[in-house]
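Residue numbers (the UniProt record's numbering), protein chains in the order written: chain A, 1 to 106; chain B, 1 to 542.
Simulated from the structure, these hints should not be mistaken for laboratory data. This structure is a prediction, so every number in the text was calculated from the model and none was measured. Errors might be hidden in some of the hints.
Below 35 Å or equal to it, Euclidean Cα-Cα: the simulated DSBU-like pairs (lysine-lysine) are [stated by the list, open to error]:
1. B:K450 to B:K341
2. B:K61 to A:K45
3. B:K430 to A:K45
To spell it out: a stretch of chain A is covered by chain B in this simulated footprint if at least three of its residues, at any positions, have a beta carbon under 8 Å from a beta carbon of chain B; those stretches are [said to hold, decoys possible]:
4. 9-19
5. 36-49
6. 54-64
Not everything, but these chain A residues come out facing chain B in the computed CB check (under 7 Å) [stated by the list, open to error]:
7. L79
8. S80
9. V83
10. W86
11. D87
12. E88
13. W95
All C-beta atoms, glycine included, are put in the ideal place defined by N, C-alpha and C.
Listed below, chain by chain, are the residues.
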Amino acid sequence: MAEQITERPLVSVDLQETEENRGLINAIEADNPDLVINHFPGVIKLQAPGRLLISRESVEAQLGRTWETHEFQMAIITLSGNVSEWDEDRIVISWGPRVDDEEDED
Amino acid sequence: MTTTAPNQAGKKSAGKPKKLSMKARYSALTRDLDWEPSYVSEQEMYPHTQYEGIKIHDWSKWDDPFRLTVDAYYRYQAEKDKRLYSVLDGFAQGQGHLTLSEAKYLNAMKVFLSGVTPLEYAANRHFAYMARQFNGPGPRFAALCQSIDEMRHAQTEIHTLSNYNKYYSGMHNFIQQHDRVWYLSVTKSYFDDALSAGPFEFMIAIGFSFEYLLTNLLFVPFMSAASFNGDLPTMTFGFSAQSDESRHMTLGLEVIKFILEQDEANVPIVQEWVDKWFWRGYRVTGIVAQMLDYQLPRPVMSWKEAFELYFEQQMMGGLFPDLALYGIRPPKHVEQAIWEKDHLSHWLHDTFYQFSHAANFTTTVPDEEHMEWLSQAYPDTFDELYRDKWEEMRKLDEEGKRFTYPGLPQLCQVCQIPMTFPQHGNPHLKAQFTSEYEGEHFNLCSDGCKWIFEREPEKYRQAWLPVHQIYQGNCGGPTIPDVLKWYGVQEGDNGEYVGSVDQKNWVRWHHQIEDKLGTSSEIEETLEAEGVHAAVKKIEEA
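Please model the entire structure based on the sequences and the hints provided.
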């Protein structure tokens, strides 16, 4: 059985290795200081302890154009963790209890 | 259509006037399109969401983290298809089928096309049903998107692989074979089991257990391997499909948390489904295990490594500690799956090797280089337990006595895999489990399958077991040629790879490309008279 996790479990995002995703990955790297990057053929695996942030502003700065957070769907292969936030400014993937989001209440 | 939109506009998007925030758009385009029925009761409108015992008090608590709206959905899906089809064009125009590492690589794709692609179509159908039957607009819309995704996956997979079907054997009859061929009943019956469950159980079975827990093991290392074996189109459709898969995984996780949060009484029901569907799904992924370790001429990641990374680290280390907060523990029998990671692919490919004369793919003994890789990937088990068997098979083959198993195997009543699995913890002892139900005797491969059988014997007693069906006379006749004819297997589809139609063509085509030596006719003669080994040797000498 799995040992008790003492440190924060890793969240993970696997991205396609494409020209455009380079800028995206640079942006994620800049925003997540503990990021670990692994390469497999065609795949780049990004892992971070507990939480991973993708910020529109950072991605746009890297790509030199406007970027919608929805575009992240073009890049992603798989993830491990909860998508705890996804709005026009950022995407957050994390483990842990989910935070209630008042804006969703109709 | 909506009354809430104007008030919320511009709330969070000062730089982009006139545009609703993503959350407001999501709310306007999904939630606000829902209505309360007045001519019929809610229960009459959604009659299938009560009988499983799951209690839902507030459907509006369902949250789609992707906040996907219909316009965004189609825009991005169209872009994904455009990218894929430009790769397919390049493939067809550039003789892409010759860039593969070796013709035998396609055996993995034959298994994929006949084993997995029809499941995508089955998922399309059933998610369309979910999109009608769930009471809440959030899950209905998410299910609708997934339904359309699954159709896209089935179509793009068939379309991509049809390019290989022009040149190679074994892919021409995959739909019928999915319904008939012995090992394909493993994937088919798995999905049929889920389709014939209630809507909530289906969501835990496919949305959670398959998509979230296990689909990474199917797609990610496998598509990475396609890239590594020169199969650009498969890599592209794989990643294109997998980009939808991350949405499906999120839906699967969302559904389980939603159900668990709605009522405490749901927890034990969900736990049983997690237990059942983990083991069902894990047994199916055994087919992937043998593909990764044996069917790729250039292996990229072993089953063991993939299992450790995508299951043990991400699921046992990340997901289940998270689900513990909701009262869910890791699935029953997971220790056995963890133990089996050192063995699974070796058992199953051994079975595939011995029965490939009755399948839609070819197999061959791994060469020395491949065995060396296996030995490094499995330092604790391969040399000690499995190398000797392959050496023996190679010896028999060299003596002209290529081994195929002369009989038919007993299948497990639940997972339908031949009962070649050892006991948990003891690779030297074959596992034999049995169960009685209403005077009938049933055979099972493991504690996990026995537990599943005994939970619902009235369901699993009805299993369509290919071997039993052959013996009952329902599969074209009593001999292997009769059955193969009924399977739609043609010459070149099955048996030994070395000397097969595909291998001979491979040698011919590659020689033609490199034909600056003027020895074409000589090679052709050697190929016909002395076989593939001699022809390859001659090419190398030239």
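Right, here's what the structure says about each hint:
1. B:K450 to B:K341: 20 Å, holds
2. B:K61 to A:K45: 32 Å, holds
3. B:K430 to A:K45: 38 Å, violated
4. 9-19: holds (count 6)
5. 36-49: holds (count 4)
6. 54-64: Violated - the segment 54-64 of chain A has 0 residues with a Cβ nearer than 8 Å to chain B, which falls short of three.
7. L79: 5 Å, holds
8. S80: OK, holds: S80 (chain A) within 7 Å of chain B, min 4 Å.
9. V83: 4 Å, holds
10. W86: 5 Å, holds
11. D87: 5 Å, holds
12. E88: Constraint on E88 (chain A) satisfied, holds at 5 Å.
13. W95: Nearest chain B Cβ about 5 Å off; hint holds.
The structure is inconsistent with the numbered hints 3 and 6, although it conforms to all the rest.
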